[in-house]
Amino acid sequence: DTGVSQDPRHKITKRGQNVTFRCDPISEHNRLYWYRQTLGQGPEFLTYFQNEAQLEKSRLLSDRFSAERPKGSFSTLEIQRTEQGDSAMYLCASSETSYGYTFGSGTRLTVV
Amino acid sequence: DAKTTQPPSMDCAEGRAANLPCNHSTISGNEYVYWYRQIHSQGPQYIIHGLKNNETNEMASLIITEDRKSSTLILPHATLRDTAVYYCIVSGSNYQLIWGAGTKLIIKP
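Those protein sequence lines, which keep their order, are chains A and B. Under the numbering used here, read the first sequence as residues 1 to 112, first letter to last. Under the numbering used here, read the second sequence as residues 113 to 221, first letter to last.
Please keep in mind that the hints were generated in silico from the structure rather than gathered at the bench. There could be a bad hint or two in this list.
Heads up, incomplete: computed chain B residues facing chain A, CB under 7 Å, no partners named [to be verified]:
1. Pro156
2. His161
3. Tyr199
4. Gly214
Yeah, the Cβ is synthetic: ideal placement off N, Cα and C, and Gly gets one too.
Please put together the full structure from these sequences, using the hints given.
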């Protein structure tokens, strides 16, 4: 297993367009997390899945954001009608227990 | 979750021990101390975590004071590849970690 994989690594989009990111967690990990990170700051929690169930969403996750994890495997994060303030690194992590997340390398989104 | 305070930056000479402090004076009894690091342009990497006792693994040691109000991450023999931002996080949640700005550690040759 090569760890947590995120695709694409970079995405440039025009304001108002929809974008979708994919995360493939470590196969035996049933917990999956999405975080967002802006320059010079630590990551901010967005949402958490245990298997296919989305158990928690941050208030940061406006109604333009939606995340899914069908069949408890890979996950997608969609942002509709992107805004310049959505420009950030979107990080996915997975874990088998409550401790020790494994993060992917992230998807860097630039909204122009 | 309790907040943490870390120095914004530190230097350490290559081959020496790097000691990174973290204050978490409002930590509660069920909250763990976690350390992650982030090398430029990569996702964060888990280092170590602890509750009360000192912990050691192949990457680092974690020393937690008896009152649990502060901790120190020790990298025993720092290398240039240890240059990164180090985050100390205190959390009782099983899914959400609240991150500060971390300490930028620069290892100098």
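Structure-based check of each hint:
1. Pro156: 5 Å, holds
2. His161: 5 Å, holds
3. Tyr199: 6 Å, holds
4. Gly214: At 6 Å from the nearest chain A Cβ, B:Gly214 passes the 7 Å test, so the hint holds.
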